[in-house]
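Protein chains: 2
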Amino acid sequence: MKAVILCAGLGRRLGEVIKPLLKVGGREIIYRTIKILQDNGIDEFVVVVNPRNREYIEEFLKRHGFKYRIVENPHPERGNGYSFYLAKDFVDERFVLVMGDHVYDEEFVKLALKGEGLICDRKPLYVDIDEATKVIVKDGRVERIGKDLKDWCCADTGFFILNKDVFRFVELDKDKIKLSEIIERAKVRVTEVSGLFWMDVDTREDLKKVNRILIRRSYKGKGDGFISRHINRKVSLRLSEIFVNRITPNIATVISFIVGVLSALLNFVSIPIAGLIYQISSILDGIDGEIARASMRVTRFGGWLDSILDRYVDFLFLLTLSFVSSLSNLEWMIACLAMFGSFMVSYTTERYRGAFFRDFYIDFKFRFPGKRDERIFLIFVFCLLSFMGKFVIVALLIIIAVLTNLRVLATIYVVARRKGNL
Amino acid sequence: MKAVILCAGLGRRLGEVIKPLLKVGGREIIYRTIKILQDNGIDEFVVVVNPRNREYIEEFLKRHGFKYRIVENPHPERGNGYSFYLAKDFVDERFVLVMGDHVYDEEFVKLALKGEGLICDRKPLYVDIDEATKVIVKDGRVERIGKDLKDWCCADTGFFILNKDVFRFVELDKDKIKLSEIIERAKVRVTEVSGLFWMDVDTREDLKKVNRILIRRSYKGKGDGFISRHINRKVSLRLSEIFVNRITPNIATVISFIVGVLSALLNFVSIPIAGLIYQISSILDGIDGEIARASMRVTRFGGWLDSILDRYVDFLFLLTLSFVSSLSNLEWMIACLAMFGSFMVSYTTERYRGAFFRDFYIDFKFRFPGKRDERIFLIFVFCLLSFMGKFVIVALLIIIAVLTNLRVLATIYVVARRKGNL
Chain A
1 MKAVILCAGL
11 GRRLGEVIKP
21 LLKVGGREII
31 YRTIKILQDN
41 GIDEFVVVVN
51 PRNREYIEEF
61 LKRHGFKYRI
71 VENPHPERGN
81 GYSFYLAKDF
91 VDERFVLVMG
101 DHVYDEEFVK
111 LALKGEGLIC
121 DRKPLYVDID
131 EATKVIVKDG
141 RVERIGKDLK
151 DWCCADTGFF
161 ILNKDVFRFV
171 ELDKDKIKLS
181 EIIERAKVRV
191 TEVSGLFWMD
201 VDTREDLKKV
211 NRILIRRSYK
221 GKGDGFISRH
231 INRKVSLRLS
241 EIFVNRITPN
251 IATVISFIVG
261 VLSALLNFVS
271 IPIAGLIYQI
281 SSILDGIDGE
291 IARASMRVTR
301 FGGWLDSILD
311 RYVDFLFLLT
321 LSFVSSLSNL
331 EWMIACLAMF
341 GSFMVSYTTE
351 RYRGAFFRDF
361 YIDFKFRFPG
371 KRDERIFLIF
381 VFCLLSFMGK
391 FVIVALLIII
401 AVLTNLRVLA
411 TIYVVARRKG
421 NL
Chain B
1 MKAVILCAGL
11 GRRLGEVIKP
21 LLKVGGREII
31 YRTIKILQDN
41 GIDEFVVVVN
51 PRNREYIEEF
61 LKRHGFKYRI
71 VENPHPERGN
81 GYSFYLAKDF
91 VDERFVLVMG
101 DHVYDEEFVK
111 LALKGEGLIC
121 DRKPLYVDID
131 EATKVIVKDG
141 RVERIGKDLK
151 DWCCADTGFF
161 ILNKDVFRFV
171 ELDKDKIKLS
181 EIIERAKVRV
191 TEVSGLFWMD
201 VDTREDLKKV
211 NRILIRRSYK
221 GKGDGFISRH
231 INRKVSLRLS
241 EIFVNRITPN
251 IATVISFIVG
261 VLSALLNFVS
271 IPIAGLIYQI
281 SSILDGIDGE
291 IARASMRVTR
301 FGGWLDSILD
311 RYVDFLFLLT
321 LSFVSSLSNL
331 EWMIACLAMF
341 GSFMVSYTTE
351 RYRGAFFRDF
361 YIDFKFRFPG
371 KRDERIFLIF
381 VFCLLSFMGK
391 FVIVALLIII
401 AVLTNLRVLA
411 TIYVVARRKG
421 NL
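Line by line, the protein sequences give chains A and B.
Residue numbers are given in my numbering: position 415 of the first sequence equals residue 415, and the series is strictly consecutive.
Residue numbers are given in my numbering: position 367 of the second sequence equals residue 367, and the series is strictly consecutive.
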């Protein structure tokens, strides 16, 4: 199936920008739409552009290797009905029509593609209802479309599954007809897909809002510890909002790794400062994943490498902290148990996925403390108190050694019980 | 589809035993056959027994929860043709017939089930050809069956896919006819499944042989290091052969864990002895997996737990070795790097499976040293030399620290390159 994407609008409200190429959540609006449609079986994209943006959009489509056909609307001032009309010779019997300045999430698209006609939303959660285009439905078909309707029943999502014969309703007044009038005249069928994420982008506020929503939605919370849920994520999500359109997830990974290594080295200078920077690196550590998910750049390699670097940072911090504390032989043993236990907390849960091909934190509601964000916060607090003497560091090492190794034991226990080995 | 299993033979050559209940590779012969058939779609088993073994076989089938129907042959001396005849009212149009004293591997069964008639093997690799039943084939059908045939073309594997009308050839002389005569008369079709593992068990030597073969076949070599391939496995496979019918994989895991922990504690007594016991625990560590695979007892939980326990043993050994060596502050840092690097070698490859859902050692031919078996052997050798002074232990720690952490770097490099990140 092909999809028609209307990108010929002049979009004056946002000034001299090309709306479909604006980045939200780290990706251009049109990239998001095409990528999601492509992942769900749409194989060619008929993109209607205007003479001003044609060069930019075509270059963009080519660069990403999408299978596209450019249709130029030489009279963009005639409106979207005319743009739509121009696509008529390039579509098959059944096709998708979607607006180039709308953002949809994958769930919405999946459901919409199973529908027919105009996809409408009875409970639009993300759009300003005053600005939205409303629909009056009668017998499952469009009766009226417009912004200022009373007694409307749902909002027009700008997403359509149409048949070619809809073009029959255009011929005579194709120069000035609006898309909504075509849909009205054709009495297109209506499919409801309600309550999922979709938004049109008209203003600077819309841009910010959709960016923020995409970042928030990238945070699943699965596997996060107490500190992460209540402190770290609150900061990292804001930072991700700011940086998502500027840096890639890999760069975020490298930055948080460098800050982490730096924090370990700072133990040679000042333990409290080192602890503070370590806690900051823990906050930064959330950003790569958030940006990766929001910008559709999640890779298995990224997750794998991030885990390995985290282990190195955690190890290095406890190592340098132990070193500058001039531990006794026995205290070094405790330090080793703390480093080892920290490591085992990750190992047991991640090895679980390798063994059972399922996520440990989905399979188990496991409230035992000792996750990375909690450990780092604990270390941070104790580092601040380190002026009181070496015993603070030794106490910290004992707490971590006991906590983490107990957590591993508890993990073995719950898994053994669940898998019928106890 | 149902399967008929003939277990009414008197099996005099092995003395007063019930052949189908003899254990090979840690499992009763009949268990292996039924389990494999069940995993491949056979849903009911018609088991023909004799009055003497009925009680034991029925209790066994019940205990394992197999769906069975017992058919008693009150005259086992009449032979296997009569046993077969007695099954006739309990099968459907198409059914499997298999001998209760034959051992087949899963690959063989999978292919055989796609065939028709008598399953024969042109290149029997595991049976004594003088003792085997041979087949002469004509136009794709059985012409003659017998032990002393000349010009035979393949061996009878004791595995058949038959139609109910084969019983037409029995009626008159059912009291004394042999199974092979029925098959001959019916001119059953022949399907070739050659070169895979199957064997009939007649003598004590056969028993030992099939046990040994099942253990050898349980060893895949995937992921083994140099020392494991050339030393550890040679010993552990022999031990597994001896113990496979006596202990479960979980017990083997616990034994090797206890020996490992013991070796770590022995550092307080004698470093060379500790090193020796550590190397022995490394050999024993192979047994649980070998027994699990040979006895069809592989569980994901077993693999998961074994990995965790291995990490604890490796950590504890280096920890106690470092402790008794009274390391300086700097030397402790090196020791930590060695413990951490040892851990990371497993972490990087096992986290790989969690990320990519593939086995690292299948995806990569990775020759870099530093695997567990190699590290333990190195530690063993240096422990033997520890009488020369503390510097031996420090040198060992440096070597392990460098080797393992370099190996982790190399792992990251090869994965990054393969996944297109370099």
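Honestly, I wouldn't trust all of these hints.
For identical chains, the list gives no copy identity; a pair is met inside one copy or between any two copies.
[To be verified] Using 25 Å as the maximum straight-line C-alpha spacing, the simulated PhoX-like pairs for lysine-lysine come out as follows:
#1 35 with 419
#2 187 with 150
#3 390 with 187
#4 419 with 62
It should be emphasised that the hints constitute simulated quantities derived from the structure, not laboratory data.
Treat the numbers as computed from the prediction; the structure is a model and nothing was measured.
A quick look at each hint next to the structure:
no., hint, in the structure
1, 35 with 419, "between (40 Å within a copy, 21 Å between copies)"
2, 187 with 150, "within (19 Å within a copy, 84 Å between copies)"
3, 390 with 187, "neither (79 Å within a copy, 89 Å between copies)"
4, 419 with 62, "between (51 Å within a copy, 23 Å between copies)"
Figure legend: structure checked against the earlier numbered hints; the only hint not met is number 3.
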